[in-house]
Each structure stands twice: as structure tokens, then as C-alpha cells.
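Asker: Heads up: take any position in the sequence shown, counting from 1, add 1253, and you land on our numbering.
It is possible that part of the hints are untrue.
Said to hold, decoys possible - The calculated lysine to any residue pairs, modelled on SDA-like cross-linking and capped at a C-alpha distance of 25 Å, are:
#: 1; residue 1: Lys1596; residue 2: Ala1415
#: 2; residue 1: Lys1596; residue 2: Met1408
#: 3; residue 1: Lys1389; residue 2: Thr1374
#: 4; residue 1: Lys1583; residue 2: Ala1608
#: 5; residue 1: Lys1554; residue 2: Ala1529
#: 6; residue 1: Lys1598; residue 2: Ala1383
#: 7; residue 1: Lys1589; residue 2: Glu1543
#: 8; residue 1: Lys1547; residue 2: Ala1415
#: 9; residue 1: Lys1366; residue 2: Ser1301
#: 10; residue 1: Lys1366; residue 2: Glu1543
#: 11; residue 1: Lys1589; residue 2: Gly1530
#: 12; residue 1: Lys1424; residue 2: Trp1540
#: 13; residue 1: Lys1583; residue 2: Ser1544
#: 14; residue 1: Lys1366; residue 2: Ser1347
#: 15; residue 1: Lys1621; residue 2: Met1408
#: 16; residue 1: Lys1598; residue 2: Ala1608
#: 17; residue 1: Lys1589; residue 2: Lys1517
#: 18; residue 1: Lys1583; residue 2: Trp1435
#: 19; residue 1: Lys1366; residue 2: Ala1529
Since the hints were made in silico from the structure, they are not lab data.
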Amino acid sequence: MSWMGSIDNNVMAALGLALLGSIYIMIKAVGAYLATPSAIHTLPGPKSSSWLSGNSETIRTPYHPNATFESWIREYGTTFTTHGFFGSKEVFTSDTQAMAFVLNQPLDFPKQKVITNLLRTLTGEGLVVAEGLEHKRQRKILNPAFGVAGMRDVMPMIMDVAHELRDAWKKELSESNSGSGWEEIDVLPWLSNTALDMIGLAGGNVTAKRSRAVLDRVGSQIVMEKKSEAKLLGEDELIRSKDLLGILVRANLQENAAERLDDKTLLAEISTFLFAGHETTALTMTWALESIAKAPSIQSKLRDEALGFPNDSPSMEELNALPYLNSVVKEILRLKPPATILKRKASLDTIIPLAQSTVDKNGNLVHKIL
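Using the sequences provided together with the hints, build the complete structure.
Answerer: Shown next as C-alpha cells:
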């Protein structure tokens, strides 16, 4: 009897938890619906694939996430709604005026906490999670590392790494046993390691570097090395680094002492470089190679422009003077950006202007998002 009673109690407890969970989900769904402005409900958009997960599965399914949004843009225009979790709605827009309005008012449209909390666990309190004045301060310190002078300093190192990759692939081809003169190469792992080398961390296991503990350890070592070098040489002869991480540390040390990033924040910036910077760079280069492989005429024209250069180690200015290469890079970044979507959540009631009007479900022309 006691054994049967124990089973009954467990079943009742499980049913009670399931009921409470269902009630919680219903409350979240109703709350999400009520929190959505009525004007947004009239915007066009795809039907929800699932009441629980909305359109998230549909977005993740294609070969490239842009494919789903591109098809929706063709069907619904540049501004429409998609479905999130628990029946919530989100406004998607690729309207240039709307995007500029949102991104130029970061305090009114902060980053989503769910995303920033996830990034914070991976990289710390770096630029990607900073908001408001703290974001502005970090940008001010980091910008010199990506200015003309900073990029000019790092170009010789980037070219050396590029030559190493070229030579490694040539060796792969020469050692090929296929007899056809060509070899299939999985380029993403190669490009991921190459991107790490360009950032300033040579070789090693790429997967292991995704560990936060490893990122912190490597970053702490870099900070200590660069600070020691600064003390040895003096800040006027500061760290003539030829890698991005060294330039970052140098830019921070050249800042007014009161404005400098503390070691914890500087470590977070380095972790951001290592965790996010190399992967996005590798993916962009991979998409670029795939794209030009599918367009032989573009590939030939690009190769002709490159072969017309007198040597294989151009400066930054000389690379910028190659117009077709510049156009191809910009087009790749437009079509296959490393970050396809930026999510923001309005912190107050506002009106977002649209450069391109859309038609709502009632057939009305919409010139702004309420």
C-alpha cells in the first residue's frame, strides 16, 4: 500500500508541476501578446511554425540564415513581423532609415539582455556587451587600433600569415594522390587558424580556445607580456607590435591614465577578439571563396587584377587601390555578413520612421512603426 501510495504521490507531484508550467507558459504568452503594440499586430509577416518556438526553426533550417529573410523580404517587403517564443512578436526591418534611427539611439533601443548575458559569460564586460557611456568610452580607446596607422602597422604580419596559408595549400595540392591536379580542401578550419594567427595567437587548437577559462588565461598572459614590454621600453617607445592584440594593448596604454581600461575590461576585449573576431573573419573568408568559385567570370577578373600587381606583399594603400577587389569584398560583406541580425528592444514608446512604406494586413500604407 505504501509503495502504491508513493507512486500516486509522485504522479500527482509531476502533474502538479506540469500544470504550473503550463500556467506559466500561458501567462508569458498572454503577457507577450498584450505587451506588443496593436499597430504591430497589423504588419504583414510569415505564419508561426510553432506556438512554442515561433519561426526560429524556419530561420535555422536553410543553408544560410539570410535565405529565409531574403524570401520573406521578397514576399512582405522590408518591414514585417516574425514570431518569437511563447507567441511573442518581433519586428524585422531592413529599411535603411529605420535601422539608422534605432542604431543611433542606443539608450532608447538597448541590446537584448538574453543575448548580452550569454555574450557576457563568453567574453566578459567587453565592447559587445557594453552600453551607453561605457560603450562610448571603450570605442574611443579601441578605435585607434583600427585606424589607418594601426592597420598599416599590422599589414606586414597579415601578409606573412596569408603567404603561409597559400604555401600550405600549394603543398596540399602537390602531395595530392588524385592525379587530377586538384584537391578538395575543407577551407574553414584552415581559415579559422589563419584568422587566429592574424589576430596574434599563432597555432593551437581552435576548439579549445572557445573555452572561457582558456580565453582568460591566454588573454591574461598577453596583457602581462605587453605591460612588461611597455615598462621595459617606456611608453613613448611603446610596444611596436605587429599584431592586433598588441596594437589594442598599446592603444589603451597611450590613453590618459584616468580613461584607460582596467585589466578586467582589457581582458574582456581580448577575449572578444579571440572568441568572436577570428570566427567571423574565417566565416566571411569562407563565404567569399565559395561565392567567387560559383562565379567563374568574377573569379577570372579578380585574378587578373591581382596578377597585375608587381609583387605579393602589397601595402594597405596598394590593396585599397585595387578597385575590383574592393568591390568584391564589399559585396561579400553585404550578401553574407558575419552577423546577419542585430536585435534591439525599445525601452520606451516611440515612432520609428520608414524610408520605404509597407502595406499592412488591412491594405493600409504604413509609413512608420508605432
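Asker: For each hint, tell me whether it holds in the structure or not.
Answerer: How the hints compare with the structure:
Of the pairs offered as hints, the one joining Lys1596 and Ala1415 is violated, with about 34 Å between alpha carbons and a cut-off of 25 Å exceeded. The suggested pairing of Lys1596 with Met1408 is violated, with an alpha-carbon distance near 33 Å, which exceeds 25 Å. Of the supplied pair hints, the one linking Lys1389 and Thr1374 holds, its CA atoms being roughly 21 Å apart against a limit of 25 Å. For the proposed pair Lys1583 and Ala1608, the alpha carbon gap of about 23 Å is at most 25 Å, so the pair holds.
For the proposed pair Lys1554 and Ala1529, the alpha carbon gap of about 32 Å is over 25 Å, so the pair is violated. Under the criterion of a C-alpha separation no larger than 25 Å, the hint pairing Lys1598 with Ala1383 is consistent with the structure, at around 15 Å. Using a Cα cut-off of 25 Å, the hinted pair Lys1589 and Glu1543 holds, with the two alpha carbons roughly 11 Å apart. Between the alpha carbons of Lys1547 and Ala1415 the distance comes to roughly 22 Å, so the proposed pair stays at or under 25 Å and holds.
In summary, the hint linking Lys1366 to Ser1301 is supported, as the alpha carbons are separated by about 24 Å, within the 25 Å threshold. A threshold of 25 Å between alpha carbons decides the hint, and for Lys1366 with Glu1543 the separation of about 35 Å lies outside it, so the pair is violated. As the CA atoms of Lys1589 and Gly1530 are separated by approximately 16 Å, the hinted pair is consistent with the 25 Å bound. The hinted pair formed by Lys1424 and Trp1540 meets the criterion: a straight-line CA distance of about 23 Å does not exceed 25 Å.
Our distance criterion of 25 Å between C-alpha atoms is met by Lys1583 and Ser1544, whose separation comes to about 13 Å. Distance check on the hinted pair: Lys1366 and Ser1347 sit about 22 Å apart at the alpha-carbon level, within 25 Å; holds. Straight-line distance between C-alpha atoms of Lys1621 and Met1408 comes to about 45 Å, which puts the hinted pair past the 25 Å bound. For the proposed pair Lys1598 and Ala1608, the alpha carbon gap of about 20 Å is at most 25 Å, so the pair holds.
Distance hint between Lys1589 and Lys1517 is unfulfilled; the C-alpha atoms sit about 33 Å from each other, more than 25 Å. Restraint check: the Cα-Cα separation between Lys1583 and Trp1435 comes to about 29 Å, which exceeds 25 Å; the hinted pair is violated. Simply put, Lys1366 and Ala1529 have alpha-carbon atoms about 18 Å apart, close enough for the 25 Å limit, and the pair holds.
Violation of the numbered hints given earlier is confined to hints 1, 2, 5, 10, 15, 17 and 18; the remaining hints are satisfied by the structure.
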